[in-house]
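K.L.:
Starting from the structure of chain C, add chain G where the hints point.
So the protein sequences, as listed, match chains C and G. Those letters in the first sequence? Residues 0 to 443, by numbering that gives the first Met the number 0. Those letters in the second sequence? Residues 0 to 504, by numbering that gives the first Met the number 0.
Read the hints as simulated data drawn from the structure, not as lab findings. Quick caveat, the model's predicted, so the values are computed rather than measured. Check each hint, because a few of them may be wrong.
To be verified - Derived, one-sided and incomplete: chain C residues facing chain G with beta-carbon distance under 8 Å: (1) Ala74; (2) Pro80; (3) Gln115; (4) Tyr132; (5) Thr136; (6) Gln175; (7) Ile179; (8) Ile182; (9) His226; (10) Ser228; (11) Ala302; (12) Met330; (13) Gln348; (14) Tyr370; (15) Ile402.
To be verified - Calculated lysine-lysine pairs in the DSBU-like style (CA-CA distance at most 35 Å, straight line): (16) C:Lys315 / G:Lys289; (17) G:Lys78 / C:Lys154; (18) G:Lys326 / G:Lys289; (19) C:Lys297 / C:Lys279; (20) C:Lys297 / G:Lys453; (21) G:Lys453 / C:Lys300; (22) C:Lys155 / G:Lys326; (23) C:Lys376 / C:Lys154; (24) C:Lys300 / C:Lys155; (25) C:Lys315 / C:Lys155; (26) G:Lys448 / C:Lys154; (27) C:Lys285 / C:Lys315; (28) G:Lys253 / C:Lys155; (29) C:Lys315 / G:Lys326; (30) G:Lys253 / C:Lys315; (31) C:Lys285 / G:Lys326; (32) G:Lys289 / G:Lys253.
Said to hold, decoys possible - These stretches of chain G come out as covered by chain C in the derived footprint (C-beta under 8 Å, 3 or more residues): (33) 5-19; (34) 191-201; (35) 213-223; (36) 368-379; (37) 396-410.
All residues carry an ideal CB built from backbone N, CA and C; glycine is no exception.
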Amino acid sequence: MSYIPHTAAETRDMLAQIGVESFDGLFADVPAAHRFPALDLPPAMSEMEIAAEMLAISEANDHAGDFAMFLGAGAYHHFIPSVVNHMLLRGEFYTAYTPYQPEISQGTLQATYEYQSMMCALTGMDAANASHYDGATSLAEAVTVALEVSRNRRKKVILSHAIHPQYREVLRAYHQGRDIRIIGDRGRGELVDLMEMLDSNTAMVAVQYPNFFGQVEDLRRLADTVHASGGLLVVVANPLALSLFTPPGEFGADIVVGEGQPLGIPLTFGGPYLGYFAIKQRLVRKIAGRIIGETVDKDGKRAYVMTLRPREQDIKRERATSNICTNQGLMALAAAVYLSLMGKNGLRQVGELNYHKAHYAAAQIDRLDGYNVDMTKPFFNEFVVACPRPIAEINAALLEAGIIGGYDLAQHYYHLPNHMLLCVTECNTRAEIDRLVDTLEGLR
Amino acid sequence: MAEPIIYDLSAPGRSGVNLPAPDVPLATLPEELLRDDLPLPEVGELQVVRHFVRLSQLNYSIDTGLYPLGSCTMKYNPKINEDAARLPGLAHLHPLADPASCQGAMMLMHDLQNWLGEISGFEAVSLTPAAGAQGEFAGILMIRQYHIDRGEPERDIILVPDSAHGTNPATVTMAGLRVQQLPANAAGEVDLSALREACSGENAQHIAGMMLTMPSTLGLFEPNIEQVIDAVQSVGGLMYMDGANMNALMAVVKPGELGFDCMHYNLHKTFSTPHGGGGPGSGAVGVNAKLRDYLPGPIVRRKAEADDAATNDNGPGCRYDWRMPPKSIGRLKAFAGNFGMHLRAYAYIRAYGGEGLRQVTRCAVLNANYLRETLRGEYTLPYDETAAGERRYCGHEFVVRGAFDDAPDVHALDLSKRLIDYGFHPPTNYFPLIVPEALLIEPTETETKDDLDKLAEALRAIAQEAREAPQLLHDAPTTAPVRRLDEARAARQLHLCCPTARPSA
Numbered sequence: 000m001s002y003i004p005h006t007a008a009e010t011r012d013m014l015a016q017i018g019v020e021s022f023d024g025l026f027a028d029v030p031a032a033h034r035f036p037a038l039d040l041p042p043a044m045s046e047m048e049i050a051a052e053m054l055a056i057s058e059a060n061d062h063a064g065d066f067a068m069f070l071g072a073g074a075y076h077h078f079i080p081s082v083v084n085h086m087l088l089r090g091e092f093y094t095a096y097t098p099y100q101p102e103i104s105q106g107t108l109q110a111t112y113e114y115q116s117m118m119c120a121l122t123g124m125d126a127a128n129a130s131h132y133d134g135a136t137s138l139a140e141a142v143t144v145a146l147e148v149s150r151n152r153r154k155k156v157i158l159s160h161a162i163h164p165q166y167r168e169v170l171r172a173y174h175q176g177r178d179i180r181i182i183g184d185r186g187r188g189e190l191v192d193l194m195e196m197l198d199s200n201t202a203m204v205a206v207q208y209p210n211f212f213g214q215v216e217d218l219r220r221l222a223d224t225v226h227a228s229g230g231l232l233v234v235v236a237n238p239l240a241l242s243l244f245t246p247p248g249e250f251g252a253d254i255v256v257g258e259g260q261p262l263g264i265p266l267t268f269g270g271p272y273l274g275y276f277a278i279k280q281r282l283v284r285k286i287a288g289r290i291i292g293e294t295v296d297k298d299g300k301r302a303y304v305m306t307l308r309p310r311e312q313d314i315k316r317e318r319a320t321s322n323i324c325t326n327q328g329l330m331a332l333a334a335a336v337y338l339s340l341m342g343k344n345g346l347r348q349v350g351e352l353n354y355h356k357a358h359y360a361a362a363q364i365d366r367l368d369g370y371n372v373d374m375t376k377p378f379f380n381e382f383v384v385a386c387p388r389p390i391a392e393i394n395a396a397l398l399e400a401g402i403i404g405g406y407d408l409a410q411h412y413y414h415l416p417n418h419m420l421l422c423v424t425e426c427n428t429r430a431e432i433d434r435l436v437d438t439l440e441g442l443r
Numbered sequence: 000m001a002e003p004i005i006y007d008l009s010a011p012g013r014s015g016v017n018l019p020a021p022d023v024p025l026a027t028l029p030e031e032l033l034r035d036d037l038p039l040p041e042v043g044e045l046q047v048v049r050h051f052v053r054l055s056q057l058n059y060s061i062d063t064g065l066y067p068l069g070s071c072t073m074k075y076n077p078k079i080n081e082d083a084a085r086l087p088g089l090a091h092l093h094p095l096a097d098p099a100s101c102q103g104a105m106m107l108m109h110d111l112q113n114w115l116g117e118i119s120g121f122e123a124v125s126l127t128p129a130a131g132a133q134g135e136f137a138g139i140l141m142i143r144q145y146h147i148d149r150g151e152p153e154r155d156i157i158l159v160p161d162s163a164h165g166t167n168p169a170t171v172t173m174a175g176l177r178v179q180q181l182p183a184n185a186a187g188e189v190d191l192s193a194l195r196e197a198c199s200g201e202n203a204q205h206i207a208g209m210m211l212t213m214p215s216t217l218g219l220f221e222p223n224i225e226q227v228i229d230a231v232q233s234v235g236g237l238m239y240m241d242g243a244n245m246n247a248l249m250a251v252v253k254p255g256e257l258g259f260d261c262m263h264y265n266l267h268k269t270f271s272t273p274h275g276g277g278g279p280g281s282g283a284v285g286v287n288a289k290l291r292d293y294l295p296g297p298i299v300r301r302k303a304e305a306d307d308a309a310t311n312d313n314g315p316g317c318r319y320d321w322r323m324p325p326k327s328i329g330r331l332k333a334f335a336g337n338f339g340m341h342l343r344a345y346a347y348i349r350a351y352g353g354e355g356l357r358q359v360t361r362c363a364v365l366n367a368n369y370l371r372e373t374l375r376g377e378y379t380l381p382y383d384e385t386a387a388g389e390r391r392y393c394g395h396e397f398v399v400r401g402a403f404d405d406a407p408d409v410h411a412l413d414l415s416k417r418l419i420d421y422g423f424h425p426p427t428n429y430f431p432l433i434v435p436e437a438l439l440i441e442p443t444e445t446e447t448k449d450d451l452d453k454l455a456e457a458l459r460a461i462a463q464e465a466r467e468a469p470q471l472l473h474d475a476p477t478t479a480p481v482r483r484l485d486e487a488r489a490a491r492q493l494h495l496c497c498p499t500a501r502p503s504a
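Here chain C stands alone, though its shape is the one from the complex (with noise of 0.2 Å):
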């Protein structure tokens, strides 16, 4: 049946040499009143039926092989060269489990290391982690680590608002235990007033770059006021961007964290993404999560090994800073595998690509009479648009044409009623644009 193997005569041999008559001996601890209840579940189906029933169940979806998509707000649609795939589907990958046994893990072992290095050098920290569950949960995990530093004595966080909604959602939904204090998004403030939040209770500030609404801002003098408070400064980076604009490294970041999901891994409607985590070296033995590291075997041979283990929770238990076990191992490795497909040039080009889709979308739209889009400051691949009517609207009939429209930011900002995040990638072709364009004219 299905994946199971045995046979009939399998079964009876074994069952004998195990001394009971039938499977129903084996289960004799479990409470006879609740033993054997039926599942009321649809019935078994083959092969060829459940292949027939994914595709159906995929066909209701409007995705991004149908449609020109311009939706992006923390999930993106990216260009993933073949070979991302054809790693990944490796057997040898996917069907291995966490590397507990270095000897014959080297591959995921080695994989990760090659994954953290150049998290490294897209970042420009000196370590990564092994990744968490998603860029939410890594900027959750960052909370940690700074209240860590401060030893517990500082209790206050400082969030921009222009950190994904959802980011700061989940943040307090891990912190909601904990005796501290998450302030700072409430209103509309810029970088210059979460530094007069700043105080000597202050453990971190965590700001987005680019920020939520596309922007890309120097955020040197925000790192120099934070230090000069000795608290921390967390950046939640889009890696696709650090393509082209600084890395938080080099302008003073303590922690960087962000959604990996750009890096070669589709949108499957939301995850299984991968949570990146980078650090400076003196605070890297606060990290949370797997760590892999370079060592040598017996015989002198370079290898690699999960290492700072004592800090995790099979270990520390009660005392662990986080219970985290898994990482986001094969989308590490698609991480991996697509940047060194990228390279230096690679990578730069796609940055450059996106740049360039999303600046001539802008200055089209901008354009157009009864929609406005904000300027003011540089932008990557995301930008505000604001509308002659609702959203909601706008994208039903964006629908209609053939396009997945924009993320309505009055979902959650209230004072930007009728103002779309739009999104162009590399994957958006000038006819598209120009699609976009011609039928947002037509909704004035």
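P.N.:
Then chain G, alone, in the frame of chain C:
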């Protein structure tokens, strides 16, 4: 030869991708915000392919051999599920798409929520936790909030058996509660008198709940499970079940019916979503009526029948929509969980149906008991009898003592490393902590009797070597890509990043 690091394959000007030229006018880049250098490697496409293929060949995996890693349920990961995950309407679907644009995906999540609830006897399920550890975190946060809302914030103790997974106590601390550890009795079961003692007197009003793995991490069904649940609930605590071992329970018992208030599922264990070299996992959480309003969100709701009929110009209205439970503990990750794992678990449940899942559990338990029997006599099997002295069977996994009185220098780790030379992945080492020199063995239902026989034969041969030629075990492995590693050096001289990747390098 060691596989070079990707940076060592780099040559200036080489590239592994073929990108389009810009088809729009070029904009001006903001020079003052640009980076100077991007220290990524420069490697050709074929060289990248060979590099990662060669790395893959250094791994042991389910697709290459038996992987009896206890507590991890390393069963076959069906290939059809990988194909499904790559269908464009699933792989290229945006998580913030309008619900009208993703009714297929939302129906899948809705059905999976219901099926998981049915399998475990819970009223409501949230699929958002990204891993088992996040499911635990969700559960303990819900329990905490439940007591706060009832005006009992002083309930801050979670009881955790000493045999528990390390995530259990770590989770309690993360949620801001306190751990009280409970000892096991001589039969490896929850010590009922110690439990009742912990739930009495002054302590009783501080009990928030208990976390329990079932079957236990020793692979044993708790014969007194109903008394355990009653002891905690009778003083106002809630019962959390760690669902890591659900592969032993499907259509055998529903934890919700036994009285558990809450549990997490490990979709990557029981429902065969691939382990991916360490993740992604997926950890749905199920609850009864007491906790349903506290679930992490969003969850998918099917609108009432009356709404189903509603249509608009675009065709049928949305049957499924997102809902944040009214007293939700919040969001535990961005978007709605690891959907790529949800769809694989969905396809897996589809393949089996209810009776099929019962057969999964039966065969998982059969394989574990069979392997255990074949090792009897060669290995010590701790907790082989109930407290009453009766012979007992294990669940889907079992513990052996990986050491021998007549081979004092040989440890469980040596046995494990020697097993690598015999072509098998080792069992879980040194867990659960309550068995010295533990080897936790979980064969899963997808292995044949022949392969179990070969594993048993290897383990018996190693037991003999331990006594007659222990050096073979101390030197092992000798056939793996590398030999034993200097782990102390890795921690002492931290080397976490290739030097050429550092911008300042």
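K.L.:
Given the hint that C:Lys315 pairs with G:Lys326, does the C-alpha gap stay at or below 35 Å?
P.N.:
holds (32 Å)
K.L.:
Taking 8 Å as the limit, does the beta-carbon of C:Gln348 come near enough to a beta-carbon in chain G?
P.N.:
At about 5 Å, which falls below the 8 Å cut-off, the nearest Cβ of chain G leaves the hint on C:Gln348 intact, so it holds.
K.L.:
Under the criterion that the straight-line Cα-Cα distance not exceed 35 Å, is the pair C:Lys285, C:Lys315 satisfied?
P.N.:
Holds, because 14 Å separates the two Cα atoms, which is no more than 35 Å.
K.L.:
With a cut-off of 8 Å, does the beta carbon of C:Ile402 approach a beta carbon of chain G closely enough for the hint to hold?
P.N.:
At 11 Å from the nearest chain G Cβ, C:Ile402 fails the 8 Å test, so the hint is violated.
K.L.:
Establish whether the coverage given for the segment 213-223 of chain G by chain C is satisfied; the threshold is a Cβ-Cβ distance below 8 Å, and no fewer than three residues must meet it.
P.N.:
holds (count 4)
K.L.:
Between the alpha carbons of C:Lys155 and G:Lys326, is the straight-line distance 35 Å or under?
P.N.:
The given pair, whose Cα atoms are some 25 Å apart, holds under the 35 Å limit.
K.L.:
Measuring from the C-beta of C:Gln175 to each C-beta in chain G, is the shortest one below 8 Å?
P.N.:
C:Gln175 check passes; min Cβ-Cβ to chain G is 7 Å, inside 8 Å.
K.L.:
Between C:Lys297 and C:Lys279, is the straight-line Cα distance small enough, at 35 Å or below?
P.N.:
holds (31 Å)
K.L.:
Given a cut of 8 Å on the nearest C-beta pair, is the interface hint for C:Ala302 held or broken against chain G?
P.N.:
holds (4 Å)
K.L.:
Hint check: C:Lys297 vs G:Lys453, CA-CA at most 35 Å. Holds or violated?
P.N.:
holds (29 Å)
K.L.:
Would you settle whether the hint for C:Ile182 is holds or violated, based on the nearest Cβ-Cβ distance to chain G being less than 8 Å?
P.N.:
violated (17 Å)
K.L.:
For C:Lys300 and C:Lys155, compute the direct alpha-carbon distance and say whether it is at most 35 Å.
P.N.:
violated (47 Å)
Checked against the numbered hints given earlier, the structure breaks hints 7, 8, 9, 10, 14, 15, 17, 24, 26, 28, 34 and 37 and satisfies all the rest.
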